[in-house]
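Enquirer: Listed below, chain by chain, are the residues.
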Amino acid sequence: MSDAKKFMYINRKAPYGTIYAWESLEVVLIGAAFDQEVSLAFVDDGVYQLMKGQDTTDVGIKNFSPTYAALGDYDVNKIYVEKESLEARGLTLEDLQHLVWEDEDEDWAEKDSIRVVTSAELAEIFEQQDITLSF
Amino acid sequence: MKISIQVSEGPYNHEASVTAINYVKAAVEAGHDIFRVFFYHDGVNNGTKYATPPQDDMNIQKTWSELAAAHDIDLVVCVAAAQRRGIVDQGEMERNKKDGMNIMDGFRISGLGQLIEAGIESDRLVVFGD
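As they're listed, the protein sequences go chains A and B. All letters in the first sequence, in the order written, are residues 1 to 135 by the working numbering. All letters in the second sequence, in the order written, are residues 1 to 130 by the working numbering.
FYI, nobody ran anything at the bench for these hints, they're computed from the structure. Treat the hints with care, as some may be off.
Claimed, not checked - Far from chain A, by Cβ distances over 10 angstroms, these chain B residues were calculated:
1. Glu-15
2. Gly-86
3. Glu-94
4. Arg-95
5. Met-104
6. Arg-108
Said to hold, decoys possible - With a cut-off of at most 27 angstroms between alpha-carbon atoms, the simulated DSSO-like pairs for lysine-lysine come out as follows:
7. B/Lys-2 with A/Lys-5
8. A/Lys-6 with A/Lys-83
9. A/Lys-62 with A/Lys-13
10. A/Lys-111 with A/Lys-5
11. A/Lys-62 with B/Lys-97
12. A/Lys-78 with A/Lys-62
13. A/Lys-111 with A/Lys-83
14. A/Lys-83 with A/Lys-52
15. A/Lys-78 with A/Lys-13
16. B/Lys-2 with A/Lys-6
17. B/Lys-98 with A/Lys-62
18. B/Lys-2 with B/Lys-62
Please read these numbers as outputs of a predicted model, since none were measured by experiment. Each residue gets a CB set at the ideal place from its N, CA and C atoms; glycine is no exception.
Produce the complete structure using the sequences and hints provided.
Expert: So this is what it looks like as structure tokens:
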């Protein structure tokens, strides 16, 4: 993996209202084929993207939220959610989808993909990236 | 330095596109190599040749086209985003049975993989948008 670059996708916007969230997810899914080191961060209203029980019936827009559950199958398992953004919106980890991945090195043990991190921790994670794509 | 650009906003509605043009000009003048400009989200609207802005206004699409021709810059419009917004080249016209095409000279339509590749191949990937 030494040739791989670290790609960070920063998701900052609510899932609906604008198309950024959905088109960001499309980049992540395509990008997963390139064998790079991929991380996702959810900050500000972006934390709403991972909410459980999304229902878009009344707005008539495609509900793409089930797609996040597939990320583990694409080896996208470093998903950081900013603690302060959750708290500012009265949300906890329990309000988010339970995203998991299977660890090939540990007999396919199921592990959590989401890590709640503070703003300061997230800044350090951003510092380690080669590419940050902001949506 | 090898630099790639992502433009995430359409022309006129948002300043990101013009700022990206100014950035590309400055980077080229400073001797840097622009590996690729990738247009995503409403940014794909930078690639239409059917815009007719008032004569005393900047023609943003044409400026991109001229910049590409002058400095041999690869302008890539995302196919998935383009299909949603009606940006069509010869291949898309035939594939999706449209009765015309509107891609500006110097632009080409291709996949999101071109953005990832730009990130891998470049020293810097700079995103212009909100």
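Enquirer: State for each hint whether it applies.
Expert: Here's how the hints hold up against the structure:
No Cβ of chain A approaches the Cβ of B/Glu-15 within 10 angstroms, the least distance being about 16 angstroms, so the stated non-interface status holds. No beta-carbon of chain A is positioned within 10 angstroms of the beta-carbon of B/Gly-86; the least distance is around 15 angstroms. A cut-off of 10 angstroms between C-beta atoms confirms that B/Glu-94 is not in contact with chain A; the least separation is 23 angstroms. Residue placement check: B/Arg-95 keeps its beta carbon more than 10 angstroms from all beta carbons of chain A (closest about 19 angstroms).
Listed as a non-interface residue, B/Met-104 keeps its Cβ farther than 10 angstroms from every Cβ of chain A; the least gap is roughly 21 angstroms. Chain A leaves B/Arg-108 outside its interface by the beta-carbon criterion, the shortest separation being 17 angstroms against a cut-off of 10 angstroms. The hinted pair formed by B/Lys-2 and A/Lys-5 meets the criterion: a straight-line CA distance of about 15 angstroms does not exceed 27 angstroms. Pair hint A/Lys-6 plus A/Lys-83 holds up; C-alpha atoms about 22 angstroms apart against a cutoff of 27 angstroms.
In summary, the hint linking A/Lys-62 to A/Lys-13 is supported, as the alpha carbons are separated by about 17 angstroms, within the 27 angstroms threshold. Between A/Lys-111 and A/Lys-5 the alpha-carbon distance is near 23 angstroms, which keeps this suggested pair within the 27 angstroms criterion. For the given pair, A/Lys-62 sits about 25 angstroms from B/Lys-97 by alpha-carbon distance, which is consistent with the 27 angstroms threshold. At most 27 angstroms may separate the alpha-carbon atoms for a hinted pair to count; A/Lys-78 and A/Lys-62 meet this at roughly 25 angstroms.
Restraint check for A/Lys-111 and A/Lys-83: the C-alpha separation of about 20 angstroms stays at or below 27 angstroms, so the hint holds. Proximity of A/Lys-83 to A/Lys-52 is assessed by CA-CA distance (about 17 angstroms); at most 27 angstroms being required, the pair is judged to hold. This hinted pair checks out: A/Lys-78 and A/Lys-13 have alpha carbons roughly 19 angstroms apart, not beyond 27 angstroms. Restraint check for B/Lys-2 and A/Lys-6: the C-alpha separation of about 17 angstroms stays at or below 27 angstroms, so the hint holds.
Between B/Lys-98 and A/Lys-62 the CA atoms are separated by roughly 24 angstroms; this keeps the pair inside 27 angstroms, and the hint holds. Taken as a hint, the B/Lys-2 and B/Lys-62 pair is honoured in the structure, with Cα atoms around 24 angstroms apart against an allowance of 27 angstroms.
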